[in-house]
Amino acid sequence: MEIVLVGLNHLTAPVEVRERVSFTNEQARRAADELRARGLLEETLVLSTCNRSEVYGVPPEAIRESAAGVSTFLSEFHSVQHDVLRLSLYHHYDGHAVRHLFRVAAGLDSMLLGEAEILGQVREAYKFAHEQRATGPVLNRLFQGALEVGKRVRSETELGARPMSVASAGVKLAERIFGKLKERTALVLGAGSVSEMVLAQLRDRGIAKLFVMNRSPERAGALAKEFGGTVMPWGEWEKALLTPDVVVASVSAEKVLNRAELESVMSARGNRALFLMDLGVPRNIDAAAADLYNVYLYNLEDLSDIVQQNRSARESEIPKAESIIEEHVGKFLSWQASVELVGFVEALRSRVQQERMDFLNERLAAMNHLSVADQQQLQTIVGDLLEKLLIDPAQQLRGERELRRKIQNVEALRDLFLREGDKS
Amino acid sequence: MNHVFLILTIVCYSASLALYLAFLNAGKKLGERSATVFLALGLVAHYFALLERSRGSHTVPYHDLYGSLSLFGWLLGLTYLVLELFHRQRSVGAFIVAMVLAVFLASNLAPPDKLTPPPAHGPVFALHVTLSILAYAAFALSFVLSLMYLAEEQLLRSRKLGNVVWRLPPLDLLERMSRSSVLIGLCSIAVGTVLGFVWVDRLHGGFWYYDPKYVITLLVLLLYAVYFFVSRTAAWRGARASKFCIFNFVIVILSFTVVNLYISHSHRYF
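Quick note, the sequences are listed as chains A and B, same order.
Residue numbers for the first sequence follow the working numbering, beginning at 1 and rising by one.
Residue numbers for the second sequence follow the working numbering, beginning at 1 and rising by one.
With the rest of the complex left out, here is chain A (with noise of 0.2 Å):
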């Protein structure tokens, strides 16, 4: 029972092997069928985000090196040249594959150390792999554990606390000091890409209403209709400033308020706590205007700090993880053990039984005193002695982990005891 992962991703692959090597829904329902088909594998799930494609599966008994196959495979479903292919593509069997999914659930495997979403994609290809009855036992035992690592990581660590990028980190920062936003105006000034990741970070923090300014009114108005808000007419400051809490400034080359204009907006507030976010190159705020009272001001320098401090913060957290890791591992190969063992147990009582049969059958032919009762009684009492012999330690397998735990390799165990015939 081998778990075989074939996969690229943001470490091994460019973005444009990525691109051609990521798969639609429809694809990995297809790859599924078609890898089951062709005997590579008996169970398999395809896990594909912007940043990953790989391939989970549990390939047939007699199957060796199935990641060839399946690297193959990928390189004619996705009509990339192989050799191309085989340079992007990493192999994991069994406890090392067990460990990179867990730490792909973690996010630690992540472009974006411990970011969330990953845990959700997992959760996704998990749920359509299952309903399209790709897996089996072995991957379902082992996607639900990854799930569980996701889930720890995410409650028992600080790996996806804290803001990483310069947008939500000011977005967060603001919700220090207004707590939640949901009834709070928010003014953007500026209609660029900056704006429009703040204003997605606004939206998703559940502002209650958004302005957008800009010069050109055009732009405003499609940034204010995706993100459901309002064009404000460019220039009118002293207005437009009186009631929001958070102003965020993103105008290119353009200085736009100064800080005897900010200290005549708060007087106007009644110095209602304002916080400005200056995203701006060149600043759009006079950093003077930091030390007014009630007013927060961040330019991107001190978000960049921010942010910078986090990911430090982050990185100190990945011990933790990967102790949370290495449990579930542990815990999973025990498991794989455990069913491991039961099933070479059945294998080799079978085996005893049928060697039992034969071989007293053979000696009993030339033993023509016996009657039929003492003959059955013989085979009875030979029969007990080899159940007797091989109950116990089926037991102790059932009942000790420990014990499965210090039997690292059942295939070894087979090849010993058991003959070709008797391993399927």
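Partial pick of chain B residues on the chain A-facing surface, computed with a CB cut under 10 Å: (1) E152; (2) L156; (3) R159; (4) P169.
FYI, nobody ran anything at the bench for these hints, they're computed from the structure.
Heads up, the beta-carbon is just placed ideally off N, CA and C, and yes, glycines get one too.
Assemble the complex: chain A is given as a structure, and chain B must be docked to it using the hints.
Leaving out everything else, chain B in the frame of chain A:
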């Protein structure tokens, strides 16, 4: 029996403090609710410990420093629990429960004053004492919240955020919690003072029996009322209101120490 409640109280408060700290330090959400549960259990055990202590004097403990300190700690914990449930915010818990535990330990480590128990004064007097101490507990809570406001604001302005800032309550919430706490304090001190006058009237046949404690209590009431009304005005909202609240608590401490010990002749420990 008293020892059982004493130990139970210490164990529950300590567990609550550890869980609040774990939440503050590492964001352990699992422990978050347990911290509140342990605080509630601690308050129940503390209540029975207080009951045992009061049994001899047949009234609320007010005549010895340790008794009134213990009552103060209990009311502080209770006020905080109400605010926590109302505002659904647990990050302040570590600071308040630490204070409650310290007050409880201080009130129990030393033996009670060797004063003869005073005669029981009836429910009006007991309510006067309890409400006054509740007011001081609520003011102490608003003091801690205001200190937290100033510290967090300082951290936000310095841009050195560290780990804890992301789990502290938002400034706006700290301000609201502080106002709620002051409102509880104002209501209790107002009713408590009126009850005090009613009791003086019964005892001496007239409302006015001069004690400098009256003046400072009325000053405290006035200052907190001013804080409550100006803390949302343009000139005061934000850090200035928090500083005002801290100043008011300094006057409360003054009332507790200098006035009680050296000037007042009818208020000793509340």
